[in-house]
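Undergrad: Keeping the supplied structure of chain A fixed, place chain B upon it in accordance with the hints.
Here are the chains, one letter per residue:
Protein chains: 2
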Amino acid sequence: MTPHSFDESIALTRQPDGSFTGNTHPAYANMVGPYGGTTAAQLLNAVLQHPDLLGEPLSLTVNFCAGVADGAFVVNAKPARTNRSTQHWTIEMLQTGEVVTTATAVTAVRRETWADDEISMPTVPAPAEVPAQTGHAPMAFIKQYDMRPIVGGMPSEWDGSLHSSLTQLWLRDQQPRPLDYPSLAAMSDIFYPRVFVRRRSPTPAGTVSITTYFHANAAQLAQTGTGYLLGQARASAFRNGFSDQSAQIWNEAGVLLASSHQIVYFKG
Amino acid sequence: MTPHSFDESIALTRQPDGSFTGNTHPAYANMVGPYGGTTAAQLLNAVLQHPDLLGEPLSLTVNFCAGVADGAFVVNAKPARTNRSTQHWTIEMLQTGEVVTTATAVTAVRRETWADDEISMPTVPAPAEVPAQTGHAPMAFIKQYDMRPIVGGMPSEWDGSLHSSLTQLWLRDQQPRPLDYPSLAAMSDIFYPRVFVRRRSPTPAGTVSITTYFHANAAQLAQTGTGYLLGQARASAFRNGFSDQSAQIWNEAGVLLASSHQIVYFKG
Numbered sequence: 006m007t008p009h010s011f012d013e014s015i016a017l018t019r020q021p022d023g024s025f026t027g028n029t030h031p032a033y034a035n036m037v038g039p040y041g042g043t044t045a046a047q048l049l050n051a052v053l054q055h056p057d058l059l060g061e062p063l064s065l066t067v068n069f070c071a072g073v074a075d076g077a078f079v080v081n082a083k084p085a086r087t088n089r090s091t092q093h094w095t096i097e098m099l100q101t102g103e104v105v106t107t108a109t110a111v112t113a114v115r116r117e118t119w120a121d122d123e124i125s126m127p128t129v130p131a132p133a134e135v136p137a138q139t140g141h142a143p144m145a146f147i148k149q150y151d152m153r154p155i156v157g158g159m160p161s162e163w164d165g166s167l168h169s170s171l172t173q174l175w176l177r178d179q180q181p182r183p184l185d186y187p188s189l190a191a192m193s194d195i196f197y198p199r200v201f202v203r204r205r206s207p208t209p210a211g212t213v214s215i216t217t218y219f220h221a222n223a224a225q226l227a228q229t230g231t232g233y234l235l236g237q238a239r240a241s242a243f244r245n246g247f248s249d250q251s252a253q254i255w256n257e258a259g260v261l262l263a264s265s266h267q268i269v270y271f272k273g
Numbered sequence: 006m007t008p009h010s011f012d013e014s015i016a017l018t019r020q021p022d023g024s025f026t027g028n029t030h031p032a033y034a035n036m037v038g039p040y041g042g043t044t045a046a047q048l049l050n051a052v053l054q055h056p057d058l059l060g061e062p063l064s065l066t067v068n069f070c071a072g073v074a075d076g077a078f079v080v081n082a083k084p085a086r087t088n089r090s091t092q093h094w095t096i097e098m099l100q101t102g103e104v105v106t107t108a109t110a111v112t113a114v115r116r117e118t119w120a121d122d123e124i125s126m127p128t129v130p131a132p133a134e135v136p137a138q139t140g141h142a143p144m145a146f147i148k149q150y151d152m153r154p155i156v157g158g159m160p161s162e163w164d165g166s167l168h169s170s171l172t173q174l175w176l177r178d179q180q181p182r183p184l185d186y187p188s189l190a191a192m193s194d195i196f197y198p199r200v201f202v203r204r205r206s207p208t209p210a211g212t213v214s215i216t217t218y219f220h221a222n223a224a225q226l227a228q229t230g231t232g233y234l235l236g237q238a239r240a241s242a243f244r245n246g247f248s249d250q251s252a253q254i255w256n257e258a259g260v261l262l263a264s265s266h267q268i269v270y271f272k273g
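Protein sequences appear in the order of chains A and B. Quick note on this note's numbering: the first sequence kicks off at 6 and runs consecutively. Quick note on this note's numbering: the second sequence kicks off at 6 and runs consecutively.
Just chain A, with the same shape it has in the complex (with noise of 0.2 Å):
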């Protein structure tokens, strides 16, 4: 059987030093360099990779503090802290040396509690009957997933004129894969800046940190399956070249299994 792209793109080997290295994937490439929904999934991979693993991801920020070039890197993840039920992690990509990406994360033994859904998922048509997104995106990462915008789509007409940031899309691997805690990382970041569809200005924009916390539990990611996720962004704020995401991602069955807030650079 192949490999999934997105297992390969994630790939780390573990090196004597204990730092793990890997490699940008040609399938996650955007328009210069990789797709940062790769890059936090690579990172959150070498801590569910690192032998002292505590629990399940509960929460990852990523920083980009650099572009991360195509070719090799070399991820470094340390234990900051171990509890009794939750662990924090400090972690770094490095390439030439170089730091491009900082991280935090805690991962958790989750316990059974009292649950409860306080927001809805919001009542869009199902899948089937919301077309693919078509056009020629010339990011070779957009191939890797199917993506069905609801409302917010990438514009087709950039006149300047003011609408809601607000986007909804069904989302999946175009390649069928089971969900996981990485590829939901990677998914929480497949937004297009909201300064696009805010104010159809197509402006250099990119992602400087974002957060991500894990609502799903492991029986939620499995029943979760390969079953499309309903994505919905918002912006609350454009101001002074950067401005806020606030995302939110359930699945078919409306559980809500992420939310996730980026802060974005955009030019003008």
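Calculated directly from the structure, the hints in this document are not laboratory data. Among the clues, some could well be false.
Remember, identical chains collapse to one label, so a pair may be satisfied in a single copy or spanning two.
Only pairs whose alpha carbons sit at most 25 Å apart, straight line, appear in this in silico DMTMM-like list of lysine to aspartate or glutamate [said to hold, decoys possible]:
id, residue 1, residue 2
1, LYS83, GLU103
2, LYS83, GLU61
3, LYS272, GLU117
4, LYS272, GLU162
5, LYS83, ASP22
6, LYS148, GLU162
7, LYS148, ASP75
8, LYS272, ASP75
9, LYS272, GLU123
TA: Same frame as chain A, but now just chain B:
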């Protein structure tokens, strides 16, 4: 003039090895140890006091790895990467040689661009029309803030009934102090655990990781001055001992100053 207790609480002394030392402040004590908002402000202040600082705070993520004890602490703040207009910081707080918090921050040189607040401040009564929170909370830090809950105040009956977790409140320092980035970082953590409001359940709870995005530039902080802030917070999901919270902070003029997100432990 007597220094403001908040300035005392975030005061740091730079050591010959480049680290900073400080002390928790009794005026900002929580039930056990210090109010987490003060801890976040101390970590940010180490960045602001660092001789290599570039720009102003854009984002701050603080991970509460272990309970911070009352008393002395050391903060190490290191610029992991300095770009032309952004700088990425890795920060940690230690007590008796053990890591108690980790953090990352991004600072940036703000420049003029198109600006737009997409979400509007909710329509609420003016601060003068909202009674100050009364009661007899045992935590000292509560007394440092003038808090005027509009909806979702601290429950008076812990009857287990289900309610929206939305809290809206007016907020400012009890002793007037012009707003700056450390106090905005501190106030972003002012909201009591969402499980209290949602479930009317006084279960033990505490912030695990908080990320704050600073939308305010220096001019907007100066315009805010000692005025009231409108804080709003809401959860999206409670599961497996953790819940999230998304918060917004506006000034009285309706400018969004910060958005802040956290993942919170709750016992049951």
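Undergrad: If a hint holds in the structure, say so; if it does not, say that too.
TA: A quick look at each hint next to the structure:
When the C-alpha separation of LYS83 and GLU103 is checked against a cutoff of 25 Å, the pair qualifies both within a copy, at 18 Å, and between copies, at 14 Å. For the homomeric pair LYS83 and GLU61, the shortest alpha-carbon distance inside one copy (15 Å) is at most 25 Å, but the shortest distance between copies (28 Å) is not. Proximity of LYS272 and GLU117 under a CA criterion of 25 Å is satisfied inter-copy only: 10 Å between copies versus 46 Å inside one chain copy. Proximity of LYS272 and GLU162 under a CA criterion of 25 Å is satisfied intra-copy only: 19 Å inside one chain copy versus 50 Å between copies.
Proximity of LYS83 and ASP22 under a CA criterion of 25 Å is satisfied in both settings, with 12 Å inside one chain copy and 23 Å between copies. For the homomeric pair LYS148 and GLU162, the shortest alpha-carbon distance inside one copy (22 Å) is at most 25 Å, but the shortest distance between copies (54 Å) is not. In this assembly of identical chains, LYS148 and ASP75 lie within 25 Å of each other by CA distance solely inside one copy; the values are 18 Å within and 53 Å between copies. Taking the shortest Cα distances, LYS272 and ASP75 sit within 25 Å of each other inside one copy (23 Å), while across copies they are farther apart (44 Å).
Proximity of LYS272 to GLU123 under the C-alpha cut-off of 25 Å is restricted to the inter-copy arrangement: shortest distance 18 Å between copies versus 36 Å within a copy.
Of the numbered hints given earlier, the model fails none.
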